[in-house]
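Order-wise, the sequence lines are chains A and B. Residues -1 to 419 (my numbering) are what the first sequence spells out, left to right. Residues 511 to 734 (my numbering) are what the second sequence spells out, left to right.
There's no promise every hint is true.
What the hints assert, rightly or not - Pair by pair, the computed Cβ-Cβ distance ranges are:
no., chain 1, residue 1, chain 2, residue 2, range
1, B, SER682, A, ALA239, 34 to 44 Å
2, B, THR706, A, THR419, 30 to 40 Å
3, B, ASP580, A, GLY390, 42 to 52 Å
4, A, THR419, B, PRO562, 20 to 30 Å
5, A, GLN161, B, THR568, 52 to 62 Å
6, A, GLY288, B, ARG634, 11 to 21 Å
7, B, ALA623, A, ALA385, 34 to 44 Å
What the hints assert, rightly or not - Derived BS3-like pairs (lysine-lysine); straight-line CA-CA distance at most 25 Å:
no., chain 1, residue 1, chain 2, residue 2
8, B, LYS716, A, LYS237
9, A, LYS241, A, LYS211
10, A, LYS211, B, LYS686
11, A, LYS61, A, LYS94
12, A, LYS211, A, LYS236
13, B, LYS583, A, LYS211
14, A, LYS241, A, LYS327
15, A, LYS94, A, LYS76
16, A, LYS403, A, LYS327
17, A, LYS236, B, LYS686
18, A, LYS61, A, LYS76
19, A, LYS403, A, LYS371
To be verified - Not close to chain A: a few residues of chain B, all C-beta gaps over 10 Å, as computed:
no., residue
20, GLU572
21, GLY573
22, ALA598
23, GLY615
24, LYS662
25, ALA674
26, GLU711
Honestly, the hints are just simulated from the structure, not real lab data. From the three backbone atoms N, C-alpha and C, an ideal C-beta is built for every residue, glycine too.
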Amino acid sequence: MMHPKLSRRGLLKAAAAAGGAAAGSRILGPLLPEAQAAGEPSHFVHIFFNGGLNALFAGCADKYLTAGTFGVTNTNVKNLGNGVFTDASTFGTFPKFALDHWAAIGLRHGNALHTTPQNLNSGGERAILRNGGNCYLTQLAYYMGGDSAFKAVYFGDRPPAYQNQPAFQGTPIQRIVNLADAIKAVGSDTPDPNAPNRALAASAIESSAELSKRQIDTNPGRLTPLTDAYTSAVASLKKPAPKPVTLAELNTAYGLGGATSVGTYASMLAGAELMIRAGGTNVINITDFGLASWDFHQTGAGGSLNGSFSRSKFLGTGGFGDNRIAPIKTFLTRMLDNPDRNVVVCISGELVRLPSGDHGDGTVAVLMGKNVKQGLSFPVTDQSRFAAGTPGVPAFWAAVAAACKVPGAPFGANPHAALTT
Amino acid sequence: MKNHLCLVAALLAIAVGAAACGEDPSVLDRPNGPGGPGAPDPANPEDPPVTPAALQCTQVPEGRSYVLFDGSKMEASRVNENVGVNRARIKPFGVLAGEYQRVLGLVPASLAAAGSSFDEPPARWYAEAQHSGVSLNAIFDLSFEGCIAFTKTSADYAAAPTAATATSVCTSLMRKAWSHSPSPDEITACTTLAITKLTAEPDARKRWTYVCSSILSSSQFLTF
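Could you put the whole structure together from the sequences, leaning on the hints where they help?
Following this line, the structure appears as structure tokens:
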């Protein structure tokens, strides 16, 4: 998922940051997560379009202007500044704060295949999300620290990279399927006199966990995640109730039509806002529904039709159902420029699209947040190819960690440091 | 004399059989595996404590060896695990109504509309059920609703739990909900909840409701 036109000053700063970070990680090791909990809380929202994302949306639209690749013309791109160009009718409509804090980060993971249920141990999505036996999502959630009962959650119809991801240092990633249940679990709903008392319910569920221990220990195959579920449920019930977030408010803001189940694209963004405001969640992964559902290989007389197919799907036209851009805009408008929180949003897929209609071996990720500077870092060429030396996966996560103000350098040096403050 | 001995032996056998028939037939006090699923063990009528050590296979069966293209043996990566263990699966949403009915004699009214809380798969589709902290909390709320109705009228729940009543209720309810007998440690955990951890709740029936909800939120009830 995730590079620049570096100025001399930027290069010096990046080198200094990278050196310092490397030194920090080698000499001191990653700092303990509690260290950052005292300041402004950070939240990372990973919006993932599996099978995409065409780099024209991610900030490299100008690369395709000369040849009109992907149908890009002077009239359908928007110049955001500092070399960032995007599609005018989709990403170009994001709020100004998002456009002004947009880093397009190149990430070459080297795997041009899809991760699918039949290809679980390979493919771009796995390459981006897995760090050996660990998962970057749970690792980041752990290193971000804080005391959320739900440090990492995901929305979508399948787990990230199509399989349950491992917890890291006791930090699991759990699925949210119903917003009403999530509000109840974090205690942000209006008090119900018939509902169980939260402190007593915590004791009762703690007891359930005790009763379950022997069975979980002897049935690790399917039941191990239950331990994390009990721990999170109890921790959440023991926390003081957060500021209220109501379903009515989310319903109005995101146009949910009164539904509480996570069955629409808008409901996933509403859920992200809910889990940040009420759950204090560190890391939220949102993967669009369907199997490699952004894998548009169609070609026409002008070459790949991936640009127009993707545009239609983003806008929910041409039979593509949900509008994806509208709820993302709502989320960015409500959450990105938050004075009390550092919300960092990444929009990416795992594979850039080639002019031939095929896919490349990396992606360009959009990283947005108050600590992110507008610019490009290792963008693609007019053929959607990455330059030699384009950083890989750890560098992307190092940039995310920097934007999230994670202390130390848990993912190593950040070669994209010129674009984070 | 010989006939008398035969008669005594026959009566004894009938008595033992009758006693065995008195057990709850739904209680499966032996793990599946050698001896058959749920087969009674006369020497140990209670659920033998299964420990993590039981996961290890101690009697490696004779099997064929297959050499793979890279020269390694296929069985080399076979998990060393005993039979009849590590097989628990989370019950899908579709069976919860029947399970509440079996244990409580009623189904929480909210359950009918709770499919989206547990990602109920579409008709004729199957998806392995899983629980998060959020869905476990939802299960607890549903169980609480059912347990309020369950404890509402019975004289058994009119007075606050004592050591004796908590042991009795915990044992019988766990046995019924789990379809196997609880271990002494599990009984202790349940009675501790009933007697000491819920004292802030002044309503005796509600205290029992929490105990009941705790049992119905344990993995033994939530899994096959």
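Structure-based check of each hint:
1. Between B:SER682 and A:ALA239 the beta carbons are some 36 Å apart, a value that agrees with the proposed interval 34 to 44 Å.
2. For the hinted restraint 30 to 40 Å between B:THR706 and A:THR419, the CB-CB distance of approximately 52 Å leaves it violated.
3. One distance hint, 42 to 52 Å for the beta-carbon pair B:ASP580 and A:GLY390, is violated here, with the actual separation near 28 Å.
4. A:THR419 and B:PRO562 have their C-beta atoms about 49 Å apart, which leaves the hinted 20 to 30 Å range violated.
5. Distance hint check for A:GLN161 and B:THR568: the Cβ-Cβ separation is about 31 Å, which falls outside the suggested range of 52 to 62 Å.
6. The hint said 11 to 21 Å for the Cβ distance between A:GLY288 and B:ARG634, and at roughly 19 Å that hint holds.
7. With their beta carbons about 55 Å apart, B:ALA623 and A:ALA385 fall outside the hinted range of 34 to 44 Å.
8. Between B:LYS716 and A:LYS237 the CA atoms are separated by roughly 22 Å; this keeps the pair inside 25 Å, and the hint holds.
9. Of the supplied pair hints, the one linking A:LYS241 and A:LYS211 is violated, its CA atoms being roughly 34 Å apart against a limit of 25 Å.
10. Straight-line distance between C-alpha atoms of A:LYS211 and B:LYS686 comes to about 19 Å, which keeps the hinted pair within the 25 Å bound.
11. For the proposed pair A:LYS61 and A:LYS94, the alpha carbon gap of about 23 Å is at most 25 Å, so the pair holds.
12. Proximity of A:LYS211 to A:LYS236 is assessed by CA-CA distance (about 20 Å); at most 25 Å being required, the pair is judged to hold.
13. With a C-alpha separation of about 36 Å, the suggested pair B:LYS583 and A:LYS211 falls outside the 25 Å cut-off, and the hint is violated.
14. Simply put, A:LYS241 and A:LYS327 have alpha-carbon atoms about 23 Å apart, close enough for the 25 Å limit, and the pair holds.
15. Of the pairs offered as hints, the one joining A:LYS94 and A:LYS76 holds, with about 12 Å between alpha carbons and a cut-off of 25 Å not exceeded.
16. The hinted pair formed by A:LYS403 and A:LYS327 meets the criterion: a straight-line CA distance of about 24 Å does not exceed 25 Å.
17. Between the alpha carbons of A:LYS236 and B:LYS686 the distance comes to roughly 30 Å, so the proposed pair goes past 25 Å and is violated.
18. Taking the CA atoms of A:LYS61 and A:LYS76, the gap is about 13 Å. The hint holds against a cut of 25 Å.
19. The straight-line distance between the Cα atoms of A:LYS403 and A:LYS371 is roughly 14 Å, inside the 25 Å bound, and the hint therefore holds.
20. Under the 10 Å C-beta cut-off, the non-interface status given to B:GLU572 relative to chain A holds; the minimum distance is some 25 Å.
21. For B:GLY573, the non-interface assignment is confirmed: its Cβ lies about 21 Å from the closest Cβ of chain A, beyond the 10 Å cut-off.
22. Once the 10 Å rule is applied to beta carbons, B:ALA598 is inconsistent with being away from chain A; the minimum gap is 4 Å.
23. Chain A leaves B:GLY615 outside its interface by the beta-carbon criterion, the shortest separation being 21 Å against a cut-off of 10 Å.
24. No Cβ of chain A approaches the Cβ of B:LYS662 within 10 Å, the least distance being about 13 Å, so the stated non-interface status holds.
25. Listed as outside the interface, B:ALA674 is consistent with that label: its C-beta sits roughly 19 Å from the nearest C-beta of chain A, beyond the 10 Å cut-off.
26. A beta-carbon of chain A comes within 10 Å of the beta-carbon of B:GLU711; the shortest separation is about 6 Å.
Hints 2, 3, 4, 5, 7, 9, 13, 17, 22, 26, counting from the list given before, are not met by this structure.
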